[in-house]
Amino acid sequence: MIISNSMMLESCWFTGEGDSRESVFQEAAFHAIGALCQSHSDQLKTTPFHYHPARLGFAEDADFRDARNEEDTTIVHMSKMMAAMDKYHMVYYRMTERMFEAVLQKNRDKENELRAIRKELKDLKSGMPGTVVKTLPPIIRNDT
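Numbered per this note's numbering, the sequence shown spans residues 2 to 145.
In case anyone wonders, no lab produced these hints; they're calculated from the structure. A virtual CB, placed ideally from N, CA and C, is assigned to each residue, including glycine. Fair warning: there could be bad hints in the mix.
Claimed, not checked - Straight line, CA to CA, 27 Å or less: simulated BS3-like cross-link-like pairs of lysine-lysine: (1) K123 / K111; (2) K120 / K107; (3) K46 / K107.
Stated by the list, open to error - Pair by pair, the computed Cβ-Cβ distance ranges are: (4) T97 / I118: 49 to 55 Å; (5) G17 / I118: 40 to 46 Å; (6) A30 / A117: 47 to 53 Å; (7) E98 / T48: 31 to 37 Å; (8) Q106 / A36: 19 to 25 Å.
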């Protein structure tokens, strides 16, 4: 969270995701620097921060400025490294999305299988003389 008393800098809030506190902080800092760099691009265009990646709107991939003509090799290497990190992050994010969707689909398949078994059990019980058919509790789904 950045709280500002200045008219030049707006207050803002950034979040991150990760599997550890450190990775969450790193991602939040990455988003914060990118947003600040984007909103203050005029003031930063003559500084190394000019090459920091900026995401436009809700785009997943960052927009990296071309640093090939930069004289400072550190800036060139930083720009390439940041582009590679962003690409890795998006590949990892998409891979985990696919894995999560596969787990959800497997869960849906098992729920359908359970419904079919419950229906078969109910049909078997209803065909037996002298049996009382009890309804089984409903399946509770937690699709969040």
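Here is how each hint holds up against the structure:
no. : hint                   : result
1   : K123 / K111            : holds, 18 Å
2   : K120 / K107            : holds, 20 Å
3   : K46 / K107             : violated, 50 Å
4   : T97 / I118: 49 to 55 Å : violated, 31 Å
5   : G17 / I118: 40 to 46 Å : holds, 43 Å
6   : A30 / A117: 47 to 53 Å : holds, 50 Å
7   : E98 / T48: 31 to 37 Å  : holds, 35 Å
8   : Q106 / A36: 19 to 25 Å : violated, 35 Å
Comparing the model with each numbered hint stated earlier shows that hints 3, 4, 8 do not hold.
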